[in-house]
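Colleague: Chains as they are written, first to last, in our numbering: chain A, 14 to 230; chain B, 14 to 230.
No lab work stands behind these hints: they were computed from the structure.
One or more hints might be untrue.
For chains that are exact copies, the list does not tell them apart, and a pair is met inside one copy or across any two.
Simulated pairs of lysine to any residue, SDA-like, Cα-Cα distance not exceeding 20 Å [to be verified]:
hint : residue 1 : residue 2
1    : Lys164    : Arg138
2    : Lys191    : Arg162
3    : Lys15     : Asn112
4    : Lys77     : Gln104
5    : Lys163    : Asp142
6    : Lys191    : Ala72
Number of protein chains: 2
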Amino acid sequence: MKIVIMGCGRVGAQLAGLLDTDGHEITILDIDADNVDMLRRLGIKVFYGDASRYDLLYAAGAEKAKLIVLAIDDTDKTIEIVHTIRKHFPQLTIFARANGRADAYELLELGVKHVYRETFDTSLRAGIDVLHNLGHRSYQAHRSSHLFRKKDEADLRDLAAMRHDRKTYISTARQRIKDLEQILLAEIDRTGDHQDEGWDTASLIDEFGKNDPENIK
Amino acid sequence: MKIVIMGCGRVGAQLAGLLDTDGHEITILDIDADNVDMLRRLGIKVFYGDASRYDLLYAAGAEKAKLIVLAIDDTDKTIEIVHTIRKHFPQLTIFARANGRADAYELLELGVKHVYRETFDTSLRAGIDVLHNLGHRSYQAHRSSHLFRKKDEADLRDLAAMRHDRKTYISTARQRIKDLEQILLAEIDRTGDHQDEGWDTASLIDEFGKNDPENIK
Chain A
14 MKIVIMGCGR
24 VGAQLAGLLD
34 TDGHEITILD
44 IDADNVDMLR
54 RLGIKVFYGD
64 ASRYDLLYAA
74 GAEKAKLIVL
84 AIDDTDKTIE
94 IVHTIRKHFP
104 QLTIFARANG
114 RADAYELLEL
124 GVKHVYRETF
134 DTSLRAGIDV
144 LHNLGHRSYQ
154 AHRSSHLFRK
164 KDEADLRDLA
174 AMRHDRKTYI
184 STARQRIKDL
194 EQILLAEIDR
204 TGDHQDEGWD
214 TASLIDEFGK
224 NDPENIK
Chain B
14 MKIVIMGCGR
24 VGAQLAGLLD
34 TDGHEITILD
44 IDADNVDMLR
54 RLGIKVFYGD
64 ASRYDLLYAA
74 GAEKAKLIVL
84 AIDDTDKTIE
94 IVHTIRKHFP
104 QLTIFARANG
114 RADAYELLEL
124 GVKHVYRETF
134 DTSLRAGIDV
144 LHNLGHRSYQ
154 AHRSSHLFRK
164 KDEADLRDLA
174 AMRHDRKTYI
184 STARQRIKDL
194 EQILLAEIDR
204 TGDHQDEGWD
214 TASLIDEFGK
224 NDPENIK
């Protein structure tokens, strides 16, 4: 099965390394000429190209591919590429990297279903490791992280729709944060891990500044 | 148990949200005055402060804390803080965010054991989801990702020591990449998932440009 990966930086390269072992034909494009040169010198087959251009996407085999991963670090460019794909290669399933919450909203609004906030999973893994280090049970730490992610991803999708209405957005986000805290505390109660009075869960607020309609460019 | 978190951006906020539900007393510092103001308006208790200063770390309760998470997006500042901690609060276990491989090397070289490359886990999760989407078995995708991460983390630590010797570094990295590919392919063979001729696994090369001693500032 053919996969096109646009961007071979921190995200694209790790992802390509993992996918590669699973028997897929991967074509990698990168927009950074220096990066392309460097990767080629190391024996990695990377093409220089801007995937927002139809001819370059075609040359990369987009017509025969099932899936494209947009792993570049530039949401405006990602959005441009999404438009090109929609117009010329509508069969492609799009997986897209987002910087954070605000970028994720933009991509979700465009109808991209598979959106990945680039630092999200590492934050949660570090959180799990901190809990282990403090003597928490492994199962409970993983379980909390799993619930946290599931709820946060669901909320991300719901909130994307209302982000242009500042008042609704903020009040809904606040409520979601309270809900999340209750879910996690209830879970801890049930499984007998310890708990306390709690501090406002910050998960949904991490980038309020950026998401605030006043700040969105 | 007291935890100090330095930095409440994309990483710190998610992490704080997760840890909060587990009954710890968390103190959050942020160096960005706008971010502090914004988070405070939202009811999140964040202190403005630069954790590389002894007095501010002390005020944040570092003396009574067991663990500090350095979640800022600036490795030079992180290194400054590590030095302050080592000097004044040596009991603190340090968890540190790194931008990518090159930053991770610097922190590991300083003796920081818990180092997290900020986009690493999200790249792997996206890879797992791509494999699912292409019809791969869930177990195998997770297993590949797990092996990939374990090997990559171990190699990161080994390579950190030799990064100043360009020739040794590059040849060792190339060999590690081959080893990783063999491990993953052998695993796939054993579990009966399909395989192919393989393409040079890029995991260890993702930031060669940055890690190349000629480019390291």
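Colleague: Against the structure shown, which of the earlier numbered hints fail to hold, in ascending order?
Modeller: 3 and 6
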